[in-house]
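Undergrad: Heads up: the protein sequence lines correspond to chains C and D, in order. Just so you know, the first sequence maps onto residues 1 to 163 in our numbering. Just so you know, the second sequence maps onto residues 1001 to 1271 in our numbering.
Hints listed in this document are in silico derivations from the structure and should not be mistaken for laboratory results. Mixed in with the good hints there might be a few duds.
[Unchecked claim] Derived coverage of chain C by chain D (criterion: at least 3 residues anywhere in the stretch with Cβ under 8 Å from a Cβ of chain D; other residues may be distant):
| hint | region |
| --- | --- |
| 1 | 38–46 |
| 2 | 58–72 |
| 3 | 83–92 |
[To be verified] Under the rule of at most 25 Å between Cα atoms (straight-line distance), these lysine-lysine pairs were calculated in the PhoX-like manner:
| hint | chain 1 | residue 1 | chain 2 | residue 2 |
| --- | --- | --- | --- | --- |
| 4 | D | Lys-1229 | D | Lys-1109 |
| 5 | D | Lys-1229 | D | Lys-1138 |
| 6 | C | Lys-46 | D | Lys-1269 |
| 7 | D | Lys-1109 | C | Lys-46 |
| 8 | C | Lys-46 | D | Lys-1229 |
Quick reminder that beta carbons are idealized off the backbone N, C-alpha and C, glycines included.
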Amino acid sequence: MAADHSHDHVSHDHDDGGDVHVHISPSRFYWGIFGALVCLTIATVKVSYYDFGSANILIALVIATMKASLVAAFFMHLRYDKLFNTLAFLAAFLFLGIFILLTYDDVGVRAHDHGYAQKMSLETGMQAPGGEPATSATADDVAGEGHEGAPPSGSAGHEPKKE
Amino acid sequence: MANVSDTAGAAGHAGHDAHAGRPFMQHHFDTPTQQFNASKLGMWVFIATEILMFGGLFCAYAVERGLEPGIFDEAHHFLNKIMGASNTIVLLFSSLTAALAVRSAQVGKRNLTSFYLVVTILCACAFLVIKYFEYSHKFHLGLLPGHCFGHPGMSAAIQNGQEVGTCLHTDVSKAPVTPEWVRAVDEEGHVTLLPPRANMFFGLYFVMTGLHGLHVIIGMSILTWVLVKNIKGKFSPQYFTPVDLGALYWHLVDLVWIYLFPLLYLVGKPE
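Chain D on its own, in the form it takes in the complex (with noise of 0.2 Å):
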């Protein structure tokens, strides 16, 4: 390993001497270093192709949002601010574990990344878990996406002037009350109205947490298979490619739901 010369002219045999005690070199491959720089390059070109796909919805979001701010204005109240929030450092948590866990495999510390790793998927699971609990008060209170919108307790249609309720932010009485305004009933029975198309904001909410969700579970599967092979002792100093990559894709995970969080959560008048 030690004195190897890998000259250009060498004919294809100065590779060979490289990968002389280095069960991980690829025969395609001159150096660790050519390596690990197009693996990288590869995950990176693979970042980007996930930001284009989620792309597509915050340009749907755009539209929406440009079209009719007033939707969501009122149906963002429906989601958990502190919630979202707990999320967010759950989330940027397991972010900076995921990092350490890519240090100490840097610095040749197994059972340091192997700890590292295990926080960041219990991480995972706490999002996961936080999540649960934030779609199922959806769904009690019938705030789906599309045509499932609405609930026994929710009344399409209600009738103009007839039932007067609390909007959150405008007295409805005053408000242009169309027959399409929605009634959601919550648990303890207060009366809220939704505008018309309300639904459309559900939509955007369940399809972008809901894709960022796989991706956190496939993130999650990701990090167990490279602590598999980080407790086999498959990583060194010299080859630690897996743990950085697995640890990119959980930092893009991390990513998107920084932006996802302000989008849903928090823009819109406050109460």
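Here chain C stands alone, though its shape is the one from the complex (with noise of 0.2 Å):
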């Protein structure tokens, strides 16, 4: 049942009138490649029983990324597709990367976090862009105040609280 059609169809749409030919995995490998993902499974759960510190999560985050590599390359058939769809696939994780690591770095350089609201500069302990207006204000106080228009800047210390 499996053997009839698995060998490799290379395209040759001259002399049938552009049938579409594709390859055809047996499914006995398909089974294969699905016994090797409930494998990872199984080794991601059992590790994450242990403790690594901060490697956990590189650690999950690698053998995530080795079962959706399978999943793409045989399931979606990325394998023997052309090669512009693996480009366009692997151009939304480029751009991804670059979205997650430049955010990542944003939040953590320019300010840390004090309580809810507020971000103070790590280096120069002065007020810094992204937070609301430093007051002495409580979170809620904060919240109330500092939506509309532009956030007081400099005295706003020394407002009088609302409420």
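Two chains, two frames, a set of hints: combine them into the complex.
TA: Written out as structure tokens, the structure is:
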């Protein structure tokens, strides 16, 4: 049942009017990929019971990426597909990487999180952009103000508290 | 269908012959291969946009985790690893049957294609049932995102030192318990303390798994539509594009879950 069509077709569209020819993997091959995916799932759960410190997330992501690669390459046929489809797929991850790295870097470098709303620069100890105005108010008070208009700067700390 | 000469110079009539006996061919394509490749590329571009949509949530996850890893360490113990792993296996199996459905369509075994599509849809139902039990557990404990966080059984603002429960990892009497620590009581009456802003974790959990669950439901609908067309005999080894693309969508659902599962259920300090 698996044998009859399991050989590799190369597209030769000029003698058959351009009929679609694709690589057809044997059923047993797909079951093998599934077995590998289950093994990796069990591995990632088992590993999670041990503490490797900050490497925990790295190990989890490496195993997840191995699983995702198996799914994309064989279940989604990227391995036998046009290369351009792979490029479109990987481009998404490239731009996702840029997005996450720049955002992560921005949040980490620009400000230190003080409570809910205020940002303070780690280097200067001054108010940093990205937070609510630096009043001595609590988070709830700050949340009530500061929505509209430019945040008051400089002397904002001396404003009387509302409510 | 046999001797078609689709030389490029035949002034638009080459494609005409290629359409003979091929009801699936759209008039603006020359050959079935061209149509197939165009459909596939379109699907892959769509998959790329889907990854970027989920990417916004993964970015939020990275930022929140970077700012406050502690709440992830504590709060993720409220997720059941075994249920998450079962759901992973269910989704992987449904991906297998989706791939086998495509293979059956490629070799023209129509009934087998229907069988595998039905199995895939049933696995999707099983996934949603397990997810339902997980969600109702969280609802019951009041572990909800944002302002909904909290429950009659969960009192916010415990006073420093007055209330001593057992935190999951640290002895609370030694931990810097501030008024914002939240006391969560589970069904058996065990008291656990969650750090301030633990609702952030459950917000991410519900939005990420919720958007994924929405994709599961959409994927089920697409596969059902493909199943109906397959039963009507619309597909053949020359034309199985909807089966292929429907399965690609389903694999995407699987791919997202492959990352969601470890990031939400597994990373963090083990107990």
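Undergrad: Now tell me, hint by hint, if it's right for this structure.
TA: Quick rundown of the hints versus the structure:
1. Given as covered by chain D, the region 38–46 of chain C passes the check, having 5 residues with a CB less than 8 Å from a CB of that chain where 3 are the minimum.
2. For the region 58–72 of chain C, the stated coverage by chain D is satisfied: 8 residues place a CB nearer than 8 Å to a CB of that chain, which reaches the threshold of 3.
3. Only when three residues or more bring their CB closer than 8 Å to a CB of chain D does the claim for the region 83–92 of chain C stand; here the count is 6, and the claim holds.
4. A threshold of 25 Å between alpha carbons decides the hint, and for D:Lys-1229 with D:Lys-1109 the separation of about 14 Å falls inside it, so the pair holds.
5. Our distance criterion of 25 Å between C-alpha atoms is broken by D:Lys-1229 and D:Lys-1138, whose separation comes to about 39 Å.
6. Restraint check for C:Lys-46 and D:Lys-1269: satisfied, since their Cα atoms lie roughly 13 Å apart, inside the 25 Å limit.
7. With a C-alpha separation of about 39 Å, the suggested pair D:Lys-1109 and C:Lys-46 falls outside the 25 Å cut-off, and the hint is violated.
8. A hinted pair counts as satisfied when its Cα atoms are at most 25 Å apart, and C:Lys-46 with D:Lys-1229 does not qualify at roughly 42 Å.
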